[in-house]
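So the sequences go chain by chain: F and A. Taking the working numbering, I'd label the letters of the first sequence as residues 1 to 459. Taking the working numbering, I'd label the letters of the second sequence as residues 1 to 315.
A few of these clues could be false.
Reference listing, derived: stretches of chain F covered by chain A, where coverage requires no fewer than 3 residues with Cβ under 8 angstroms from a Cβ of chain A [what the hints assert, rightly or not]:
#, stretch
1, 11-18
2, 197-209
Listed next, with one range per pair, are the computed distances between beta-carbon atoms [as the list claims (entries may be wrong)]:
#, chain 1, residue 1, chain 2, residue 2, range
3, A, Gly66, F, Ser319, 26 to 34 angstroms
4, A, Gln272, F, Gly444, 53 to 61 angstroms
5, A, Gly66, F, Pro38, 52 to 60 angstroms
6, F, Lys445, A, Ala214, 39 to 47 angstroms
Calculated from the structure, these hints are not laboratory results. Think of the CB as a built atom: it goes at the ideal place given N, C-alpha and C, for glycine as much as any other residue.
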Amino acid sequence: MADRVHASSMRRIWTIAFREFRHTVITKGFIFGALVMPVVMFAGIAAIGLLIGMQVTPVAGTLVVIDESGTVAGFTAEELTPEQVAKDMQDTLKRNSALKNWPGGDVAQQATASLPSIDVQVESVQDVTRVDELRAKVQDGSLLGLAIVPPELLNANSKDAEGNDLTYTLIVPTRSAPRLTGILEKSIAKGIVKARVQRVGTDYTSLKALLALPETSVRRMSVEGAEADENVLAKTLLPMGFMMLLWATTFASGQYLLTTTIEEKSSKVMEVLLSAVSPMELLCGKLLGYAMVSAVMLGMYGALGIAGLIAAAMGDLVSPGMLILMLVYFVMAYAFVSTMMASVGSAVNDLREAQSLVTPAMLILMLPIMLWLPISEQPNGWIATISSFIPPAIPFVMVLRVTASNEQIDTWQVVFSLVWGFAWVGVFIWGGAKIFRVGVLMQGKPPSPRELLKWIRMA
Amino acid sequence: MTTSAVNLRAVWKRFGKTEAVRGIDLDVPDGSLTGFIGPNGAGKSTTIRMIMSIIYPDEGSVQVLGADAISAKDRIGYLPEERGLYRRMRVMEFLKFMATLKGMPAAGLDGRVNAWLERVQLTDASKKRCQELSKGQQQKVQFIASVIHDPELIILDEPFSGLDPVNARLINRLIRDLHEAGRTIIFSTHVMHQAEQLCDRIVLINRGEKILDASMTEIHARFDPRTVQVEPSSHNPADASRLGALPGVERAQWNPERHAAELTIARDIDPQSVMRAAIALMPIRTVELRKTTLDDVFVELVGEAMPSSEESGNG
Numbered sequence: 001m002a003d004r005v006h007a008s009s010m011r012r013i014w015t016i017a018f019r020e021f022r023h024t025v026i027t028k029g030f031i032f033g034a035l036v037m038p039v040v041m042f043a044g045i046a047a048i049g050l051l052i053g054m055q056v057t058p059v060a061g062t063l064v065v066i067d068e069s070g071t072v073a074g075f076t077a078e079e080l081t082p083e084q085v086a087k088d089m090q091d092t093l094k095r096n097s098a099l100k101n102w103p104g105g106d107v108a109q110q111a112t113a114s115l116p117s118i119d120v121q122v123e124s125v126q127d128v129t130r131v132d133e134l135r136a137k138v139q140d141g142s143l144l145g146l147a148i149v150p151p152e153l154l155n156a157n158s159k160d161a162e163g164n165d166l167t168y169t170l171i172v173p174t175r176s177a178p179r180l181t182g183i184l185e186k187s188i189a190k191g192i193v194k195a196r197v198q199r200v201g202t203d204y205t206s207l208k209a210l211l212a213l214p215e216t217s218v219r220r221m222s223v224e225g226a227e228a229d230e231n232v233l234a235k236t237l238l239p240m241g242f243m244m245l246l247w248a249t250t251f252a253s254g255q256y257l258l259t260t261t262i263e264e265k266s267s268k269v270m271e272v273l274l275s276a277v278s279p280m281e282l283l284c285g286k287l288l289g290y291a292m293v294s295a296v297m298l299g300m301y302g303a304l305g306i307a308g309l310i311a312a313a314m315g316d317l318v319s320p321g322m323l324i325l326m327l328v329y330f331v332m333a334y335a336f337v338s339t340m341m342a343s344v345g346s347a348v349n350d351l352r353e354a355q356s357l358v359t360p361a362m363l364i365l366m367l368p369i370m371l372w373l374p375i376s377e378q379p380n381g382w383i384a385t386i387s388s389f390i391p392p393a394i395p396f397v398m399v400l401r402v403t404a405s406n407e408q409i410d411t412w413q414v415v416f417s418l419v420w421g422f423a424w425v426g427v428f429i430w431g432g433a434k435i436f437r438v439g440v441l442m443q444g445k446p447p448s449p450r451e452l453l454k455w456i457r458m459a
Numbered sequence: 001m002t003t004s005a006v007n008l009r010a011v012w013k014r015f016g017k018t019e020a021v022r023g024i025d026l027d028v029p030d031g032s033l034t035g036f037i038g039p040n041g042a043g044k045s046t047t048i049r050m051i052m053s054i055i056y057p058d059e060g061s062v063q064v065l066g067a068d069a070i071s072a073k074d075r076i077g078y079l080p081e082e083r084g085l086y087r088r089m090r091v092m093e094f095l096k097f098m099a100t101l102k103g104m105p106a107a108g109l110d111g112r113v114n115a116w117l118e119r120v121q122l123t124d125a126s127k128k129r130c131q132e133l134s135k136g137q138q139q140k141v142q143f144i145a146s147v148i149h150d151p152e153l154i155i156l157d158e159p160f161s162g163l164d165p166v167n168a169r170l171i172n173r174l175i176r177d178l179h180e181a182g183r184t185i186i187f188s189t190h191v192m193h194q195a196e197q198l199c200d201r202i203v204l205i206n207r208g209e210k211i212l213d214a215s216m217t218e219i220h221a222r223f224d225p226r227t228v229q230v231e232p233s234s235h236n237p238a239d240a241s242r243l244g245a246l247p248g249v250e251r252a253q254w255n256p257e258r259h260a261a262e263l264t265i266a267r268d269i270d271p272q273s274v275m276r277a278a279i280a281l282m283p284i285r286t287v288e289l290r291k292t293t294l295d296d297v298f299v300e301l302v303g304e305a306m307p308s309s310e311e312s313g314n315g
């Protein structure tokens, strides 16, 4: 008899779960929101890049440098060749350590490919009285720009009477693109520096070589003595990626759970359902159904992410153990978020009312996002350790910690977070089920948090 | 010996300080068509929800079909007062979903759903989304959802509310058919003539207490007719006051629709003597002793607060 009751209860739970799954996943909304939308977003970003590239017009014309010494123009011209502009950009990008090991190839190479073609003549004018005539030429567009370099700027210590740094003036037409102005600014400034160096009789190339900051090769050494390359991506971006994956998949299905529960209440279908199933069976069916929805999203985006890492030859950043832990924390995160959303959905009449009840918990769940950098940089630091024991943020913070590959998390902390986290999952499910049981039949004024606690006690 | 489909013993239900149901004892005989009547807020829907184990009593016991209510869920059909459908689900899919929840095997479900849709003249609706149906059509789909699994006990909470006369007659016919097929039916309403027309047994609930539980025959026997309707040949409303002055008449009221005076007879007076006196007083076209209606019984037991029109409300 007990077996038969149990079997029919399981049948009802599965019937509800399957309906929720089918009516969420096989819908235009889900296909568009979860599949098409990300593709459209990536395509959109790519298209914007393409459009920007198409809009780049060749830079051709004359830049006049008014400089009494007559030396700056020549050095500026050296800096304004297409090869030199490209090299400059590459050097700048290469110096950014975060862009080392960036997936998808050489960022510097890709960035310089989008540079416009450059054909700029630099003309030197030593007669300062021609300023007005040349300004007029800038105004009518026959000059790309006019640089006015004060003679004092070529001194080693170029300060005015008040001790402020001296400046040179660059006059460009209003329509001049900021990107072009930037190239001109930088080239003229480097031309001025070269002219200064020449004036004191030093060789610029040797001096530059002497002043160049050496590149660093950071090697991380574990307590066991193993050495590994420093990888900024692995240290910060990968944990963020994993955590956001967990966040996005659990919250997307949690949102579905919230809205469908509210819809069932407002369309009065709830009592029809409760004539066939108990509130607990309904809750379990809904949680199971949306767990499957969430798992589909996790599988889909997770597989895409791992494929991306493998394509970028960074597959070794993700270990099978890490993936297993990620799955366990996913179950925990889903249980926290979904129980919360289902109980809130059962207690309110519309989304607006739900917002005020969900906000306090959302603030706690925002914690891992706000503390992403300190946690992933120091996964064993006090911020990381304390925040990883605050429910319901536990799984999100722990995913940040265990995927930050630069430090090993103590095993006891991982085990404790699982025991502590799942104990809290039990509390959430217990309380959530009680709220759900009372809430689904309630109409009218939404409950306050105090009334929710009363429901937990009375159910 | 008659067995009970529903058995309630000393059932209490409180919501905060409000006592919605106060110590109700109830036996609904197997195969009966029992009407739950009572004013709005009397406790009818709360009692039904406890029978359905949607909510649980604070005190007392509820037995349904010889078992506890939860394990009997698949054997009960329920049409709640606040009805709803999944708006985007197709009719066929919704009915199959409800039937599956009620333990029906998937095999043969299409045929069963189609047969019911044909019975309620909705054959074209099976592929439509629920939101595309008119309100009346949606109510018929909801009715099917409550009986699709061929339940032994059917509970209908205000099944006619919002239905046009044609559809109300159709549902009325279906309820009779189910009753004739041996199903036990509990039918909640606050519209007396519907209950009188359909039910063989009445349970009257007021302020959370059962104040009447009897068969229609017992009710007619227990509540003597006390109204004599006299239609004077003159059709003159002024005749009402002359008739009201007859010995044993407590009150006389002119009914303009029937062109007749309705005389309320004192409890210890024989209505026949009043009828004879009326005939002697003036030329009469018709005179009759009006049959006691459930409305009269209700007013006598509950008071004048009873809504007389077909407005819907919570029980």
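How the hints compare with the structure:
1. Restraint check on the stretch 11-18 of chain F versus chain A: 4 residues with Cβ-Cβ distances below 8 angstroms, three needed, restraint holds.
2. Check on the stretch 197-209 of chain F: 0 of its residues sit with their Cβ under 8 angstroms from a Cβ of chain A, so the three-residue criterion for coverage is violated.
3. The given range of 26 to 34 angstroms is broken by glycine 66 of chain A and serine 319 of chain F, whose C-beta atoms sit roughly 59 angstroms from each other.
4. Judged by the Cβ atoms, the range 53 to 61 angstroms given for glutamine 272 of chain A and glycine 444 of chain F holds: they are separated by roughly 55 angstroms.
5. Range check, glycine 66 of chain A to proline 38 of chain F: about 56 angstroms between beta-carbon atoms, so the 52 to 60 angstroms window is met.
6. Roughly 40 angstroms separates the CB atoms of lysine 445 of chain F and alanine 214 of chain A, a value that falls within the hinted 39 to 47 angstroms.
Hint check: violations occur at hints 2, 3; the rest are consistent with the structure.
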